[in-house]
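S.K.: Okay, here's what each chain looks like letter by letter:
Number of protein chains: 2
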Amino acid sequence: MTNRRPRILVVGYGVVGKRVADALALQEDMDMAGVVDLQPTRLVEVAEERDYPLYAASEQAATEFQTRGIGCRGTLSDALTSCDLVIDTSPKGVAKGNIDLYQSASLPFIVNGGERKDAAGVSFSALANYQEAVGANSVRVVSCNTTALCRILVAMKSLGTLGEIFVVAVRRAADPVKTSRGPINAIIPVLGGLSHHGQDAQEVLPDLRIRSMAVSVSTTLSHVHLLHLQFSKVTSRDEIVAALHRTPRVRLVRGSDGISSTAHVMELAKDLLRPRGDMWEVVVWEDSVYVDSTNAYLSYSVHMESIVVPENVDAARAMFQLHSTGGASVRATDQALGCYQAEADYHFR
Amino acid sequence: MTNRRPRILVVGYGVVGKRVADALALQEDMDMAGVVDLQPTRLVEVAEERDYPLYAASEQAATEFQTRGIGCRGTLSDALTSCDLVIDTSPKGVAKGNIDLYQSASLPFIVNGGERKDAAGVSFSALANYQEAVGANSVRVVSCNTTALCRILVAMKSLGTLGEIFVVAVRRAADPVKTSRGPINAIIPVLGGLSHHGQDAQEVLPDLRIRSMAVSVSTTLSHVHLLHLQFSKVTSRDEIVAALHRTPRVRLVRGSDGISSTAHVMELAKDLLRPRGDMWEVVVWEDSVYVDSTNAYLSYSVHMESIVVPENVDAARAMFQLHSTGGASVRATDQALGCYQAEADYHFR
Numbered sequence: 061m062t063n064r065r066p067r068i069l070v071v072g073y074g075v076v077g078k079r080v081a082d083a084l085a086l087q088e089d090m091d092m093a094g095v096v097d098l099q100p101t102r103l104v105e106v107a108e109e110r111d112y113p114l115y116a117a118s119e120q121a122a123t124e125f126q127t128r129g130i131g132c133r134g135t136l137s138d139a140l141t142s143c144d145l146v147i148d149t150s151p152k153g154v155a156k157g158n159i160d161l162y163q164s165a166s167l168p169f170i171v172n173g174g175e176r177k178d179a180a181g182v183s184f185s186a187l188a189n190y191q192e193a194v195g196a197n198s199v200r201v202v203s204c205n206t207t208a209l210c211r212i213l214v215a216m217k218s219l220g221t222l223g224e225i226f227v228v229a230v231r232r233a234a235d236p237v238k239t240s241r242g243p244i245n246a247i248i249p250v251l252g253g254l255s256h257h258g259q260d261a262q263e264v265l266p267d268l269r270i271r272s273m274a275v276s277v278s279t280t281l282s283h284v285h286l287l288h289l290q291f292s293k294v295t296s297r298d299e300i301v302a303a304l305h306r307t308p309r310v311r312l313v314r315g316s317d318g319i320s321s322t323a324h325v326m327e328l329a330k331d332l333l334r335p336r337g338d339m340w341e342v343v344v345w346e347d348s349v350y351v352d353s354t355n356a357y358l359s360y361s362v363h364m365e366s367i368v369v370p371e372n373v374d375a376a377r378a379m380f381q382l383h384s385t386g387g388a389s390v391r392a393t394d395q396a397l398g399c400y401q402a403e404a405d406y407h408f409r
Numbered sequence: 061m062t063n064r065r066p067r068i069l070v071v072g073y074g075v076v077g078k079r080v081a082d083a084l085a086l087q088e089d090m091d092m093a094g095v096v097d098l099q100p101t102r103l104v105e106v107a108e109e110r111d112y113p114l115y116a117a118s119e120q121a122a123t124e125f126q127t128r129g130i131g132c133r134g135t136l137s138d139a140l141t142s143c144d145l146v147i148d149t150s151p152k153g154v155a156k157g158n159i160d161l162y163q164s165a166s167l168p169f170i171v172n173g174g175e176r177k178d179a180a181g182v183s184f185s186a187l188a189n190y191q192e193a194v195g196a197n198s199v200r201v202v203s204c205n206t207t208a209l210c211r212i213l214v215a216m217k218s219l220g221t222l223g224e225i226f227v228v229a230v231r232r233a234a235d236p237v238k239t240s241r242g243p244i245n246a247i248i249p250v251l252g253g254l255s256h257h258g259q260d261a262q263e264v265l266p267d268l269r270i271r272s273m274a275v276s277v278s279t280t281l282s283h284v285h286l287l288h289l290q291f292s293k294v295t296s297r298d299e300i301v302a303a304l305h306r307t308p309r310v311r312l313v314r315g316s317d318g319i320s321s322t323a324h325v326m327e328l329a330k331d332l333l334r335p336r337g338d339m340w341e342v343v344v345w346e347d348s349v350y351v352d353s354t355n356a357y358l359s360y361s362v363h364m365e366s367i368v369v370p371e372n373v374d375a376a377r378a379m380f381q382l383h384s385t386g387g388a389s390v391r392a393t394d395q396a397l398g399c400y401q402a403e404a405d406y407h408f409r
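Protein chains in written order, with our numbering: chain V, 61 to 409; chain F, 61 to 409.
By construction, these hints were calculated from the structure, which means they are not laboratory data.
Quick reminder that beta carbons are idealized off the backbone N, C-alpha and C, glycines included.
Careful, some of the hints might be misleading.
Said to hold, decoys possible - The following residues of chain F were derived to be distant from chain V, with all beta-carbon distances above 10 Å:
#, residue
1, 67
2, 118
3, 160
4, 232
5, 291
6, 298
7, 381
8, 383
Said to hold, decoys possible - Only some residues are given here: those of chain V computed to face chain F with a beta carbon under 8 Å:
#, residue
9, 230
10, 249
11, 273
12, 278
13, 282
14, 288
15, 312
16, 315
17, 320
18, 323
19, 327
20, 350
21, 351
22, 355
So that you can see chain V by itself, here it is in the shape it has in the complex (with noise of 0.2 Å):
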């Protein structure tokens, strides 16, 4: 690795990789080397209204890419020459497919939840285990309900020992453009074993037993969890509201002062000007959290198009050793996102 600024490549511009190449053009101690896509559609006004230098993802997409007249450098190899780090953002399945190509090129890179924990070397969440990244070739951030869950875990495992852990997810159905998706009028459970995320968050979090649920539901938005925590020690509501307050990354808001629903949530990001409506926080409503002994039960929300994105700088600042502590690298990317200011060293202690 290099001391001068790491110029990161973003490959797949769709759901994820539009809104982390947005992202690391904002941070100041990296570079946005380009964006890589099969599909120039995607690419057209990024290419007239950004700067973001453009390349194709195959020969054959690049010949696309002329026929429409959308001026692009080259290639994937031709990207893979003029960058440090890849972040690859890929639909499920074709990171994989890519994996080689960085490895030949000797880059560093970053894989996304779709991935199988196996793609990468560390499954990451940033307040959960920045420290596995640092210096790391290669980083899985895992997926929107597991950094979701992560988070939320770290908060909770800050005022004691944790036994059982179980949550329920609520997923929406597809993300608003994804219009042949359903269902449209019923609920879909995970069967044939529990859902992925429980496990998923022990890779990052091994010392917690976290099982899960899961189903879809006829809705667009944002997931909604549900999660049960069994204390080891009798807990209060104040010490958890507390706990949630000096995270990171996570929004407390009430059904009380109006935001009683995944609508009314992703209509305060809205209200905040954030770019695309997007909500990089958990959001925990305030007046879910309920606690009976030793039991502990809360709600949130997860902005699936968008929480992973802060993970993901993250991630390639632990790799390329910009900070030395995962604090300071939240708060960077937060503030340089324009993202919600709690105590962000607290948790890393």
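Guided by the hints, dock chain F onto chain V, whose structure is given.
M.R.: Just chain F now, kept in the frame of chain V:
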């Protein structure tokens, strides 16, 4: 109480009332004494197609019946003189106002789950506490969600001592014809405390410790519950599936057989040629059942419009002491309805 077939009046001809009226009309040991409603429109087809005696809920309603040319035999007061028991299925809160009338007429009555638990002497679920309703003067049939949960927990507690029970209810936003209700694209959590379902089920099963959380989602077909049980000893998946198999009003389906969502469950009800496509049973996904040492997890679907119908019939039978055991009543009700027959006596031994 007399020895002749009891005459049962149904007050409220809405979602539950119309189904209960039809169910009563099918029973061999009781008579459907008539239906009472405020709105003649709802009763037009009944008046034309069926032989149910109709009554108007008030003098004003009687006038409206007359204006629309729908023959009714009188008002609620008249109806009360020619019945032996009232099943009140009025909307939430309305039944409470009628109770004085029933008591003045010395009539035993049943209210439904929308009412507060102190509206009647016994909170009832047939498999759980049939004996408590035997000879009672007033009974509350618990809500659809609680009815489902009670059936499942009766099956599960037959396997051993249960510790912490936690259930998430993913609720349908509205019944199919409630077209003015939302959300059409959001998830709404229950805030300000846990949901009432756990507490309600504990009214019926006071020896258990049941906690619940809930969300409403954009669908009209069914609720889904995701349940986490902690047994005091190691249990097996086979034991759990077997216990569900032998429980009346519980139907096992498999996602691997194509029944992979609430839409598929309701299609099954139609394929069974059920009246209105009703699914009186709790429908458990067999391939959701997962066991890990003393922890068990499972998911099931709850048809909110029809699941309490058989319980209303059983409650009436218990109050009139028409059968000495819950098993016999459950079998009689289910046989008359055409509901799946399990080993109805099992949980009443």
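S.K.: Does each hint hold? Answer for all of them.
M.R.: The hints, checked one at a time:
Once the 10 Å rule is applied to beta carbons, residue 67 of chain F is consistent with being away from chain V; the minimum gap is 40 Å. No Cβ of chain V approaches the Cβ of residue 118 of chain F within 10 Å, the least distance being about 36 Å, so the stated non-interface status holds. With a cut of 10 Å on Cβ distances, residue 160 of chain F stays outside the contact zone with chain V, its closest approach being about 35 Å. Distance check for residue 232 of chain F against chain V: the nearest CB is about 8 Å away, which does not clear 10 Å, and the non-interface claim fails.
Non-interface status of residue 291 of chain F relative to chain V is upheld: no Cβ of that chain comes within 10 Å, the nearest being about 13 Å off. Listed as outside the interface, residue 298 of chain F is consistent with that label: its C-beta sits roughly 16 Å from the nearest C-beta of chain V, beyond the 10 Å cut-off. No Cβ of chain V comes within 10 Å of the Cβ of residue 381 of chain F; the nearest lies about 39 Å off, and the non-interface call holds. Residue placement check: residue 383 of chain F keeps its beta carbon more than 10 Å from all beta carbons of chain V (closest about 36 Å).
A cut of 8 Å between beta carbons decides the hint on residue 230 of chain V: the least distance to chain F is about 6 Å, and the hint holds. With a least beta-carbon distance of about 4 Å to chain F, the hint placing residue 249 of chain V at the interface is held under the 8 Å criterion. This hint holds: residue 273 of chain V has a C-beta 4 Å from the nearest C-beta of chain F, less than the 8 Å allowed. Of the supplied interface hints, the one on residue 278 of chain V holds, with its beta-carbon coming within about 4 Å of a beta-carbon of chain F, less than 8 Å.
Proximity of residue 282 of chain V to chain F holds as hinted, the smallest CB-CB distance being about 7 Å (cut-off 8 Å). Among the interface hints, the one on residue 288 of chain V holds; its C-beta lies about 5 Å from the nearest C-beta in chain F, closer than the 8 Å criterion. A cut of 8 Å between beta carbons decides the hint on residue 312 of chain V: the least distance to chain F is about 12 Å, and the hint is violated. Interface restraint check: residue 315 of chain V against chain F, minimum CB-CB distance 4 Å, threshold 8 Å, status holds.
A hinted interface residue such as residue 320 of chain V counts as satisfied when its beta carbon comes closer than 8 Å to some beta carbon of chain F; here the least separation is about 6 Å, so the hint holds. Because the beta carbon of residue 323 of chain V sits about 4 Å from the nearest beta carbon in chain F, less than 8 Å, this interface hint is met. This hint is violated: residue 327 of chain V has a C-beta 10 Å from the nearest C-beta of chain F, more than the 8 Å allowed. Satisfaction of the interface hint for residue 350 of chain V is found here, the shortest Cβ-Cβ separation to chain F being roughly 5 Å, below the 8 Å cut-off.
The interface hint given for residue 351 of chain V is violated, since its Cβ lies 11 Å from the closest Cβ of chain F, which is over the 8 Å cut-off. A hinted interface residue such as residue 355 of chain V counts as satisfied when its beta carbon comes closer than 8 Å to some beta carbon of chain F; here the least separation is about 7 Å, so the hint holds.
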